[in-house]
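Given chain A's structure and the hints, the job is docking chain B onto it.
Top line first, the protein sequences correspond to chains A and B. Each step along the first sequence adds one to the number in my numbering, with nothing skipped, and position 82 is 941. Each step along the second sequence adds one to the number in my numbering, with nothing skipped, and position 180 is 1039.
Treat the hints loosely; a few may be bogus.
Any copy, or any two copies together, can satisfy a pair, since identical chains are not distinguished.
Said to hold, decoys possible - Think about it this way: if two alpha-carbon atoms lie no more than 30 Å apart in a straight line, the pair counts; the simulated BS3-like pairs of lysine-lysine are:
| # | residue 1 | residue 2 |
| --- | --- | --- |
| 1 | K1202 | K1251 |
| 2 | K1202 | K1034 |
| 3 | K917 | K951 |
| 4 | K1180 | K908 |
| 5 | K1180 | K891 |
| 6 | K1049 | K1202 |
| 7 | K1202 | K1021 |
| 8 | K1034 | K1255 |
| 9 | K1251 | K1034 |
Rather than coming from a laboratory, the hints here were simulated on the basis of the structure. In this text the structure is predicted, and so the values were computed from the model without any measurement.
There are 2 protein chains.
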Amino acid sequence: MEGKKLKYVKDLVCISCGEKYEPLPTQYLCPKCGEKGILDVEYDYEKIKTDWNKQDLKANPDPSIWRYLPLLPIEPTTPKPTLRVGGTPLYKSKVMAKLLGIETLYLKDDGLNPTGSLKDRASAIAVVKAQEAGMNIVSCASTGNAASSLAGNIASMGNEMKAVIFVPSRAPIGKVTQLLIFGALVLSVKGSYEETFYLSQEAINKRGWYNRNAAINPYLVEGKKTSSIEIAEQLNWEMVDWLVYSVGDGCTIAGAWKGVYDLKQIGFIDKLPKLLGVQSEGCAPITEAFKKGTDLIPVPENTIADSIAVGKPRNYMKAIKAIKESNGDMINVSDQEILDMMKTLGKNTGIFGEPAGVAGIAGIKKAVENGIIKSSESVAVVITGNGLKDIKNAEKAVGAPLTLRPDLKELSQLLNDYNF
Amino acid sequence: MEGKKLKYVKDLVCISCGEKYEPLPTQYLCPKCGEKGILDVEYDYEKIKTDWNKQDLKANPDPSIWRYLPLLPIEPTTPKPTLRVGGTPLYKSKVMAKLLGIETLYLKDDGLNPTGSLKDRASAIAVVKAQEAGMNIVSCASTGNAASSLAGNIASMGNEMKAVIFVPSRAPIGKVTQLLIFGALVLSVKGSYEETFYLSQEAINKRGWYNRNAAINPYLVEGKKTSSIEIAEQLNWEMVDWLVYSVGDGCTIAGAWKGVYDLKQIGFIDKLPKLLGVQSEGCAPITEAFKKGTDLIPVPENTIADSIAVGKPRNYMKAIKAIKESNGDMINVSDQEILDMMKTLGKNTGIFGEPAGVAGIAGIKKAVENGIIKSSESVAVVITGNGLKDIKNAEKAVGAPLTLRPDLKELSQLLNDYNF
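Excised from the complex, chain A in its bound form (with noise of 0.2 Å):
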């Protein structure tokens, strides 16, 4: 199906040097730029709103991505994963709102995606595309969220497609668990996560798979835009002034810069905000840049955080360029702040979100204190994955239960010791 036309799309552009290309499955980036020469998905807005409105979204029952379709790259007759992805809700908290100093805050619980992260709306995606592109084999390098989300949406095609998953030795063995459990053929590379990375690329290449690494396919983003639509929607398209994400790769933000910037474009809404990137203190190269207005340079990833532990980011420059544009600003947060922001988010909201899922929100209170959030603008942010996937790093946060004999008087005396 290489070539086939989109109904919507009009080119791949190239956002370092501006030239375009036709939007091929398999067209990653831009030749002549290399790694630095990651492209993006135009559409054809006009065509978009005489085909496509409110109304007609709002009488659509399906609440997975898949509501977005004239906004999705992709034919829509292509066979789709059929796990539930999107559709996550989207919480009021007046507690957490208080807490963090601002009057009005929304949480998306990215978690309650089928794998349990918001990578699920990328490799929906990838799935997708893979088809497109004749290919049912989709391969990529990772230990966390993009894995096990590419595996569990392949496993949902029944059998048709393959995944094949390169993990650096070190991956505990619980991540890789998930993704055994979807079937995928896992190759535990004794390596460097850089070694494990461009393994899986010249084996990508060599092979012919279908490349699921977020920052060298332009579609993925496409997928991930899906989260800003949704809280727009949710949100009866009253956009808040800030949208607040936690950063690794950059293809998270970036996708919701694009999102919202779709919605403006066709109409659905009025107003842009502005987007707070946040990453954690230990592995902060974005905002290092970001800040400084420098290119990017390399660090260590000394981060408990490890779904935005990522040292050498592929997708800063759309990561850095969106939050320009939407006049926002980048933190950092501490690995205490994140664990913190744990036990707080858990104990006031019933959320568990994982420790880079739970970032952003450590990045409001901070933003608000610096002042770069006035307490009087309103805030949602996306946990953008869920806590049961790293209890190891959830035991740090909580201290031990209450230990007592099974006596009625000995439970007495604790509880009074507890003023409880």
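Relative to chain A, chain B alone:
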């Protein structure tokens, strides 16, 4: 608010002696019959039929369990936990149907509830009933999904209520962690589960806390019944021939029956399904009592499926009554069959269930082989809990990944060896 009139509830009826009681929030058991005096909520179906129909329901945009309000034993105005409980996806799976030897199979992934299990449906009701009883502390003895769902739903009330959870000290730290993240007061009891349970009962009575021990509280089954009501609605009120659930305490399958029974009474469905209850061979006291027609004999708990490892189930009478009324059956599966099914399900659907969560599906396979379910019959099964809750057992289900050095030649050799 104790004793406030519930619009559509007539009475609580003892399933042992038939005595009727006023539906007070703290009317747990029939005082005459003690532990066997499980109560059942009786509705005024005529009144419901007058006030509510399928069109009303269809027009309701709320995807959560609260869309079924006329069939829930709560006051409409009591504040509800804010987590989006229910509205989990129902997937039709041709591949799994074929593997199980049947024509039509639906899989409901209740692991996508906010805290990762079907038990959110019961805990949400407990949080509402506690408030109607004027209590802000809710307690239970559990290491598993009952506890985490209670802790999460309580937390979502934003610090207005508190969960007190009794766990035996052998409880794995991973499960305790989720409770602590949700801010529950966790009391680790140096004793057996029985000792822990009785200490919780004593404390609940003495302290005036609300009781969320499921078999004792008649309202919790009413929350659980929403899983089968949702299936019915998702199937556009065309009920399948068989509804399949794994069985531990007996409450969940009893709830499933109550759900379809209610729907039949108000004319939303015409046909009632047969129920298949599935226990684990290592802990199957209800199957034993069901098959032999004897009273229940407690047994040890020797199974990896810890969410259904209940040696002394407290709601077996309601479960057996439901299965008999449905002309259904019971069957046991081994731990190995459960582990195999975790892998088969994951690989063919992208759904990752915990051991108890997939026991039902393993039971379908066996029931088809034994001629209990005919290949022409349609089946729906609920995956009751998320596999991320129990990574340790999942590790047992899967093998190890393939290992290699970061070398393309070695990779090619390896892929050839595996005929890939």
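Going through the numbered hints above, which ones does this structure break? Give me the numbers in ascending order.
none
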